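Below are the chains, spelled out letter by letter.
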Amino acid sequence: MRIGTLKESYIADAALFDSRTQKVWLAVAAALLLLFPFMASDYWLYLACLVSINVASATGLNILTGYTGLVSLGQAAFMGLGAYTVAVLETRAGTPFLLNLLAGGFVAMLGGIVVGIPSLRVKGLYLAIATIAASFIAHFIFANWKFTGGTGGLSVPPAKLFGLPLDTSFRLYWVIVPVTVLMLLGAANLFRTRVGRAFIAIRDRDISAEVLGIPLLRYKLLSFGLSSFYAGVAGGLWAYFFRVVTPESFPLLMSIFFLAAIIVGGMGSILGGILGAVFMTMVPELLKLVVALLPGGNELTVFLSPVRTVIFGLLIIGFLVFEPQGLAEVWRRIRRFFHLWPFRN
Amino acid sequence: MPTTTNASPMSQRRRTLLLAAGATLAAPLTATAQASGEDIVIGGSIPLTGVFAFAGVGINAGIGDYVKMVNDAGGIKGRKLKYVPEDTGYKVDVSVAAYKKITSQNKVNLYYGDSTGFAKTINPELDRAGTTLMAGASFASELNDPKKYPNQFLVGPDYTEMFGILLKHIAKEKPGAKVAFVYSDSEFGRDPIDKSEATAKALGLSVPVKIMTPAGSVDVSGEVIKLRRAAPDYTIFHGYILAPIPEFITQGKQQGMTSKWMGTFWTMDSSTVMKMGEAADGFMGVMPYRYYYDTEKAPMLEKIRALRPEYQSTAYIQGFLAAMLFTESAKRCLDAGKPLDGKNLKAALNSIKDFDTGGLIGVPITISGNSIPVGRVYRADMKAQKMVAASDWIKL
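Chains as they are written, first to last, in my numbering: chain H, 437 to 781; chain B, 30 to 425.
The following block holds chain H by itself, in its conformation from the complex (with noise of 0.2 Å):
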């Protein structure tokens, strides 16, 4: 059982993962990363990507939504922003993809700061209400403008790394992967820095910190800048993943379901970033599996599809409902189990 952590110096005190256990379990998360191509099939190799893209951009959302308090329904347009730099880049200027990433992160950053420019003003479901706007007016450039190929979009080629084409879930989850872990040890990173801080600060109470020094408008514009930098980059890697980029690639649901993903996973949590993106992409397809174990043939699975939309949907409910910190906060809750046990908790 453990009773506690002894801290004997700052360095310690700030440390990114503090206890033996949590480093070892993270070393067996990061083997079974490694080995998981080796032994999964096409089908979950494709899942884990996309199941990553989710996580780096849900993330992003968190950093925005969760830790600095502002509501945003745009992380899908910044998503396209990064998508339509990467695919621009590929066919047109054949630049290199990790430059092409980089450069996705960029543009959907500077999109993010245009506008998070409101956030200073509105708060809330106005906020909200002004990032659904950056979604419509990226849609209309995307669908109206010819360099973005209108609406047929682009066809984007493989990423190519030393010559070799990236064109199969296994050799571009070597990509995928690692950078979705790097954004993700960066915005655990985030929070142990003055920045991280000063958008906790604003989170908790605006006016607080900006007595305590705290300039709103550059940490707000900040935090909206790097939520969409890393939208932009899951959109590069999007676009990469799926090779093709249309205006509709990126409708104003998917927004909600980054959304939906932070707020099931919990709020304010990397863990409930990755958790909320891992269940709600992974749940509908396992509900499929489930369904499938189902004798009755192909009547049943005409019958029984709406009937698994309708479960995914009590689900999220459920979740709400009897868990309002997330899945985050189960997770925590079944650690303390275990930290305490066998004594009761």
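The hints are simulated quantities; they were obtained by calculation from the structure and are not laboratory data.
What you are looking at is a predicted structure, and each value in this text was computed from that prediction instead of being measured.
Possibly wrong hints are sitting among the right ones.
Said to hold, decoys possible - EDC-like cross-link-like pairs, simulated, lysine to aspartate or glutamate; straight-line CA separation at most 16 Å:
1. B/Lys415 / B/Glu339
2. B/Lys326 / B/Asp385
3. H/Lys582 / B/Asp223
4. B/Lys304 / B/Asp410
5. B/Lys289 / B/Glu202
6. B/Lys136 / H/Asp478
What the hints assert, rightly or not - One side of the interface only, derived from the structure: several residues of chain B facing chain H at Cβ under 10 Å:
7. Ile75
8. Thr78
9. Val86
10. Thr132
11. Thr150
12. Gly218
Claimed, not checked - To list a few chain H residues with every Cβ distance to chain B over 10 Å, as calculated:
13. Pro532
14. Ile643
15. Leu750
For glycine and all other residues, C-beta sits at the position ideal for the given N, C-alpha and C.
Given chain H, work out where chain B should sit, using these hints.
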């Protein structure tokens, strides 16, 4: 840390449960590609839920019924067909997941896709794998390019060809007529517009107005005024399923418009047109297939009617015909002793000349490229609650 040798029944149960859950989750991970014997597999990304479910349910039933018919008759050269559908909710990422799942668990020779987005997204994978021939619910003109999409085909004319069939009919019925295009602001809606304007001009027709509206828009009064001012003899709607077509027709008629109203495939299912109500009496449009209740000689339709006594949508016929063409391609490949891969199956499909579809399409068909450029103009008879033929079969 203290250890316990006698775990309580509660914790034992919990541990067993955890183990069972872990095993259940891990089991599919280890399921690697398994060839399914000698079966010829048709995979399907089918939208059984979501906005396109109305069509997906029909498509699924159509493919399933044809596969059953072939298997009941002994299969193709002794090999059975196996149909493996997955619901996609009409979402591209889910659809790709379905493709990956089906192809990693079966040796898939033929595949049915649910959307233009999916067809475009999966194309590089089809080219890379080279194992599969794909058809689908999309009639996008972009897909009608054998060089860019060598492993795919459309189960009918593409959207530009649908317009071509309508315009050919109009040019014959009323030479020099004015034709308005009303289309949705989507990839689907904009698809045939530019090329069709050129086709209209080449046929001696004029296009006085092109109106783009949001898909499914409700308030179209401003657009109707614009349309009335242009006074077209014909108005072609494209890129919608139902709304806002009834609004356009009702308001147009109220304002004294004498235009004939027309639609393209996804608007033209009998049940969709009948939902437009009395205002749509005489509504016309292009249909590449016979309707379920068509009385002209069609042995395959008779079989379908014997199997399913209630009305089946045009999406059903589309799925049924897709499966029929898949089967014919596979049969031709096997007859020639060639392996069932994407290239051979496509070559076999393109060898189809004057093929009898059992009356699903009223004339023998030839597939030289990626589409079947043939169709017929049908008109709504609201009294009979049926679509009746308004032209002969038109080949482009």
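Here is what the structure says about each hint:
1. B/Lys415 / B/Glu339: 14 Å, holds
2. B/Lys326 / B/Asp385: Roughly 12 Å separates the two Cα atoms, so the pair holds.
3. H/Lys582 / B/Asp223: 15 Å, holds
4. B/Lys304 / B/Asp410: 13 Å, holds
5. B/Lys289 / B/Glu202: 12 Å, holds
6. B/Lys136 / H/Asp478: At roughly 13 Å apart (the allowed maximum being 16 Å), H/Asp478 and B/Lys136 satisfy the hint.
7. Ile75: 9 Å, holds
8. Thr78: At 5 Å from the nearest chain H Cβ, B/Thr78 passes the 10 Å test, so the hint holds.
9. Val86: 6 Å, holds
10. Thr132: B/Thr132 check passes; min Cβ-Cβ to chain H is 7 Å, inside 10 Å.
11. Thr150: 5 Å, holds
12. Gly218: The hint holds - B/Gly218 has a Cβ within 10 Å of chain H, the shortest such distance being about 8 Å.
13. Pro532: 20 Å, holds
14. Ile643: Check passes; 41 Å lies beyond 10 Å.
15. Leu750: Answer for H/Leu750: holds, closest chain B Cβ roughly 15 Å.
Checked against the numbered hints above, the structure breaks none of them.
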